[in-house]
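Residue numbers (our numbering), protein chains in the order written: chain A, 1 to 324; chain B, 1001 to 1324; chain C, 2001 to 2334; chain D, 3001 to 3334.
Hints listed in this document are in silico derivations from the structure and should not be mistaken for laboratory results. From a predicted model like this one, the values you see are computed outputs, not experimental measurements. Check before you lean on any hint, since a few could be wrong.
Said to hold, decoys possible - Partial pick of chain D residues on the chain C-facing surface, computed with a CB cut under 10 Å: (1) Ala3163; (2) Phe3167; (3) Leu3173; (4) Ser3201; (5) Thr3203; (6) Lys3329; (7) Val3331.
C-beta atoms are modelled at their ideal positions from N, C-alpha and C, and glycine is treated no differently.
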Amino acid sequence: MTKKISYREAMREAMHEALKNDPRVFLMGEDVGCYGGTYAFSKGFLDEFGPERIRDTPLSELGFVGAGIGAALGGLRPIVEVMTVNFSLLALDQIVNSAALYRHMSGGQFSVPLVIRMCTGAGRQLAAQHSHSLEGWYAHIPGIKVLAPATIEDARGMLAPALADPDPVVIFEHGGLFNVEGEMGDSWEVDITSAKVRRAGKDVAIITHGGSLPKALAAAEQLAAAGIEAEVLDLRVLRPLDTATIVASVAKCRRAVVVDEGWKSGSLAAEVMARIMENAFYELDAPVARVCSAEVPIPYAKHLEDAALPQPDKIVAAVKGLFA
Amino acid sequence: MTKKISYREAMREAMHEALKNDPRVFLMGEDVGCYGGTYAFSKGFLDEFGPERIRDTPLSELGFVGAGIGAALGGLRPIVEVMTVNFSLLALDQIVNSAALYRHMSGGQFSVPLVIRMCTGAGRQLAAQHSHSLEGWYAHIPGIKVLAPATIEDARGMLAPALADPDPVVIFEHGGLFNVEGEMGDSWEVDITSAKVRRAGKDVAIITHGGSLPKALAAAEQLAAAGIEAEVLDLRVLRPLDTATIVASVAKCRRAVVVDEGWKSGSLAAEVMARIMENAFYELDAPVARVCSAEVPIPYAKHLEDAALPQPDKIVAAVKGLFA
Amino acid sequence: MTVDHRAPPPPSGPVPWDKDFALRLLADMLRIRRLEEKSAELYGAGKIRGFLHLYIGEEAVAVGALHALSSADNVVATYREHGHALVRGMAMGAIMAEMYGKQEGCARGRGGSMHLFDAKTRLYGGNAIVGGGLPLAVGLGLAAKMQGEDRLTTCFFGDGAVAEGAFHETLNLAALWKLPVLFCCENNLYGMGTAIERAESQTDLCVKAASYDMPALRVDGMDVVAVHETTKQAVARMRKDGGPVFVEYQTYRFRAHSMFDAEIYRQKAEVEAWKTRGPIHTFTARLKAEGKLTEDEFLELDAVANTEVDVAVAFAEAGSWEPVEDLLKDVHTP
Amino acid sequence: MTVDHRAPPPPSGPVPWDKDFALRLLADMLRIRRLEEKSAELYGAGKIRGFLHLYIGEEAVAVGALHALSSADNVVATYREHGHALVRGMAMGAIMAEMYGKQEGCARGRGGSMHLFDAKTRLYGGNAIVGGGLPLAVGLGLAAKMQGEDRLTTCFFGDGAVAEGAFHETLNLAALWKLPVLFCCENNLYGMGTAIERAESQTDLCVKAASYDMPALRVDGMDVVAVHETTKQAVARMRKDGGPVFVEYQTYRFRAHSMFDAEIYRQKAEVEAWKTRGPIHTFTARLKAEGKLTEDEFLELDAVANTEVDVAVAFAEAGSWEPVEDLLKDVHTP
Ligand SMILES: Cc1ncc(C[n+]2csc(CCOP(=O)(O)OP(=O)(O)O)c2C)c(N)n1
Ligand SMILES: Cc1ncc(C[n+]2csc(CCOP(=O)(O)OP(=O)(O)O)c2C)c(N)n1
Ligand SMILES: [Mg+2]
Ligand SMILES: [Mg+2]
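For reference, chain A alone in the conformation it holds in the complex:
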C-alpha cells in the first residue's frame, strides 16, 4: 500500500511518531506550538502533546539551542527546530563549542543526543538574509552528523535514526521541497550512513543533495534526450560523507559534476571534488566540474535569484562541457 504525501506531511508524521513513541522526545523552537509551526510541520501538535512537549520559545536562538544541548545532556531527546539556517548563525557557538565537543572533550563521559532541524536554501524570493545554504559549514565540524533529506522517504525516515544517534544530528530541510509530493509505502528502510543513487546511469555522475536533487534529476532527463545517461547520486548524509559510494559512481561513469546550492568557493562541492581527487583521480576521463550558486548575496528579484542558483540547464551545460 502506498499513499501520496508531501515532504511536509512526511516530516510531520516522523515527528508525530517520535513524540508518540518516546516520552523523552520533545519539540522546541520558535512558533512550533501556538502558530502551528512556521511551515506547518507541527500543526495540531500543541493540542495533542501539550505545551511542555511542544515548546514555543522566545526569539533566542543561542539560548534555546543551548537549552536543547543541556536537555540532551540531562537525559531527554530534544528536537530543536531553528526556523532557518540563516538564524542558526546566532546559535553556532553552542553547536560548535558545546554540542560537537562534549563527548570527546569530556573523555567520553557525556553525550549530546540532540536533533536540530532547520530549513535551508533559496529559491523563494526571500532575499539575501533568508536564502543561505550553509549545510557545508556544518559538515565541516567533527562531532556532529549532518543530514539532508531530499526525498519523501528520507523526510519520513531520517528522524528516527537521528534521534537514536547518541550524538548531535543536524537535519537540513530545503524550503523548496516542502510541497513536493510523492508516493510513500507503509514500510521503508532509511539509514543515515549512506549516499544513494536516485537514477542509474553510466556516462556521468551528477552528485548532489537536498533542494538540488530535483534539479539534477530534471537535468538528467534532458541529458537522456541528448543521449547522455547520467547517474544521479544523492549524498543524503553530508557528514560523514559516504566516500565509497561517491567513488563507485565516479569510477563507473568516469565523469562527474557536483551540484550544490552553496556559494562555490569553499562549498561542500569542493569537498566532494577533493574526495574524488584523493580517491578516484585515475578513474577520471575529465576534470570534475561543479554547479554552485553564484558568489553573491541571493537577490530578491526572481530573474536574478534564478540566475544566482543552480538550475537544470546549467547542470546540462556543465555535463556537456565534460564531453567537449
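Dock chains B, C and D with the ligands against chain A, hints included.
This is chains B, C and D with the ligands only, laid out in the frame that chain A set:
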C-alpha cells in the same frame, strides 16, 4: 636598513601607523585598552590615543562586532579585534547577515569599510574550545575579503590596504606566529590580492597559509635533503583566492600537497583542490594530496595535539607519497 | 507574568497641534495604509513575492516617531518597514518598484519588501534578522558621537526582538558609552504567533531599560499624538544629555504576521476589539470633533494617498529588470 | 556608573555552625588554595600548559555555595573551576592528572585546566566560552523539571559573562519556564582586564535579575558563612517554589587573570587591600576567636591539604599518556 622585529611588533606598528595617519581609524575589542591587548598587540595605545579610539568593550562579541559594522557605515574606519576565532562564532550573524551583504543588498548604496582581526589556530595546548581554525568558513562568504598574514612583512603591511578597502576585511593571525621574529626593511610592498611563492621549487607545490607556512618551509628543507625541490606557495589572501598563482605553481611542479590546519572535510584545502581540479587537471602527474587537522576536537595534551595537527613530517610523508 | 490582551479604550482627547501639522501626520498614516492595502492585493496577484509584512494598525508609531526627528538623523528599521521608509521621505514608487523586484526600486530590486535602503534619507535598512539592526544602530551612534555630529540614530524593533541577546548587548553598549541612540520598541503583543507573555518572563519592557540604567518611556502606540509628543520628549532629552533613551510603543498589528500566517494563535474578537483603536479613524474622529478636519478634507487626503499609490504602481509596472549580467555587481570578492 | 573598588572591612562576626561543619568548609578552602598554589608552581615548571586560571581569593564562593547543594544537583562551571570540581567531590589526583594531560585525568587529559568534567559528581564542565555554560544549565534544568526530578542545576559565571547575550537569553528562559536553575554570579569586579564599570552600564547586577522577574540575592563572597547561608536560602526557596534564583557573590581574584596577565589594569594597593579580606584567614580568625579552632588544628588541616596535593602530584606524575591511536576515539563522525 633592516631591523629584527616580531610578528606581534609588526602588527602593532601597523596599527600604530593607521591610528596616527587617519583620525577615522579606531581600535575596539575586548581588553585592547587597559589590559594592553590580550596578546600585547596594542600595548601602550590607550595612553597614546585615549579611550575613545582604543575602546575596551564588554564581553559582547555580537554587539561590538555589529557596532563596528555600524560605525563603518557611519563613516569611521574601525579595527575590531575579536580575541580569537573561537569567540567570533558569537558574532557570525552580524558578519554574514549584515557586513557581507550590505553593499549588494542595498543596491550599492552602502558599504562597510571595516577590518576585523582575530587570532586563529591551535598548537598552544589551549584545548578544544580555543583551537579552531575556521578561516575556511569565512572564505566561503561573498562580500568579505579574508587575509592570513603569515610573515612579518604581511603582518606589517596588510593592515593598511585592508583599511583602504571599501568592504569588510577579516584578518586571521595565527597564534603560533606571534613570537616569530624576522628582518624587516624600511620599505615594503604588500598587496592584498595575490598569493606568493615563499620558496621556489620544481618538483612539488606545497600550498598553504598562516600558521602552517613555517611547517611547510621546514618540510621543504627536509625534502630538499632527500632530493625533492618543493615550491612553497603562501595563499595569503583566502578570499578571493588567487587561482592563477596556484595554477602556475601546480603547472610547473605537476604535483601538489595542500596544507591547512582546518579539519580536513570541508577545509579550505578542499577548495584549493577543487580549483586545481577545475583549472590544472591535465597538468597533474598525480592526484593532489592534503595535510589537514585530524577530524577531532583539538585535545589539550601535547602529544595528542601534535598528532591532531599538520606537522612537517606529515607534509614530507604526503609529498613522498606522490612520488611512490 | 500575564498580560492583558484586551484593547483599552480608544485614544481620545485634544490634539495639541495646528491643523497643518495634524493633517500632515494623518496624511502619512493614510499613505502607509493605502500603500500596504495595495501591496497585499498585489501579493495576491503575484506581483510582489517573498515575504511581505504589513504594518497596518501600527501606522501611528512610525508616523508619530519619525516626525520628531530631523533629516540628519539615522533610521534603522526591521522587515516591517514600508511605513518608516515612506515617512522618512523615500518615494513610494521606489518602494513599490523594490517590491516588484525592478531596478528602479530603492535597492535595484535586490532586497524586496524586507530590505528598503536609502542613503539619501539615511535609512540603513530594512533588516530581516530579528534584532539584527540593533548593533548597527549602536555603531551608527558611535560614529556620530566620535565625529561630533548632531545626529541621533533611531532603531525600530519589535517586542519579539527583546528576547534576543542582541538586544541586551546593544542596550548595554549604548548606555555604557552614552550613545545617541533612540530605541523604539514596537510592542504589538506578538512575535509572529508568540504572545509576549509566552516570550518574556518580565513583560514590562520598560523595566528592562532600568537594567541598563537607561531612561524609558511607555506610550500608547495607537495614538499618534501621544507617540509624537513622547518621542519629541525623548529626542529633546537626547539632544540635551547625549545618552540613549528607550521608548515602548504599545501597538497592535491588525493583519497576519506575513502573508503565510493562518492566525490561529489569537482570537478574532481580540483583533476586532483592537481595531476600534485604529490610529487613523480615531485620530480622524478627534480632528473632526475639534473642527480641524472635515469629511471632505479627509476624502481629499485619502484620494491623494490613493493617487500616490496608483502612480507608484504604474512606476513599478513600467520599471525594468536589472540585467542578469549585473548580478555580480557590488560584490568585490568573487 | 561608578563602582567602589576599595575593599570593605573584612568579614567578621559569629560563625553559626558546629565545629565539624565549619572545619569541613575551612578544609575545602585550604585544599583549593594549596592545589592552586602548586598548580602555579607546576605551570612555571612546564608541567601544566595552556591556560591556567586560578581561583585564589575566591574560594569562599565555591565552598560556601556548593556545600548548600545535594549530590543529586548538577553543576556547570567556567574555566576557573578547580575549586568547584574539588568541592563537588572530584579526586584531586584526577584534576592534577588532567592538568598534566595524562589519561588518568578526569577527561583523559583532553581538556586540561579549563575542562574538568565528571559524570559521577554531575559536573558538566569546565566551559571556556564566557557565558557558554548558561544555556546548558537551562537545558539541564529543563530536563530535570520535565522528568520530575528533584534536582537543581547550579551555574557559575563571572561578572564579565553578564554582558554576553547568552546571559540575557538564559535568564529569560529560566524565569519564563520556572526552571530550577541557580545562577551564581562570581562578581570579582573584573573580566580579564576590564573593570565592571567599564563593561556594564548598570553595575548593580541584582537589578538585572528584576528585568527577568527573577529573585536576586547579593552576598559578600569573601565570607564563607554569608555565602553558605545565603545560598542555602536560595536553594530552600527553589526547592519550595521551583523557579530560578540569581545570587551575586561579591568577591575578588588575588592573582592574575591567567598566567599571561601582566596586571597593569589594577593597582597593587587595591589587590593588597582586598587580600586583607582573604576568605581563609578571616574565617580562620573568626573560628579561633570563637574557640572553634586552635592553631594546631589549623596546621593539621593545612598539612592534610598539602599531603593531598603531594599525592595528587605523584598520581599525575605517575600517570600515562593516552595512546595516540586513541586520538579519534569518541568522535563518531570522521
Ligand atoms: C533571528 C531571527 N529569528 C527568527 C526570525 C523569524 N521571524 C521573523 S519576524 C519574527 C517575529 C518578530 O516579532 P517582533 O520582534 O515582535 O516584531 P513584529 O513582527 O511583531 O513586528 C520572527 C520569529 C528572524 N527573522 N530572525
Ligand atoms: C565568548 C568569550 N569571549 C572572550 C573570552 C576570553 N576570556 C576568557 S575569560 C575572560 C574574562 C571573563 O570575565 P568574568 O566573566 O568576569 O570571569 P572571571 O575570569 O573574572 O572569573 C575573557 C574575556 C572567552 N573565553 N569567551
Ligand atoms: Mg511583535
Ligand atoms: Mg570577573
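Let me make sure I understand: some of the numbered hints might not hold for this structure. Which ones are they, in numerical order?
Numbers 6 and 7, in rising order.
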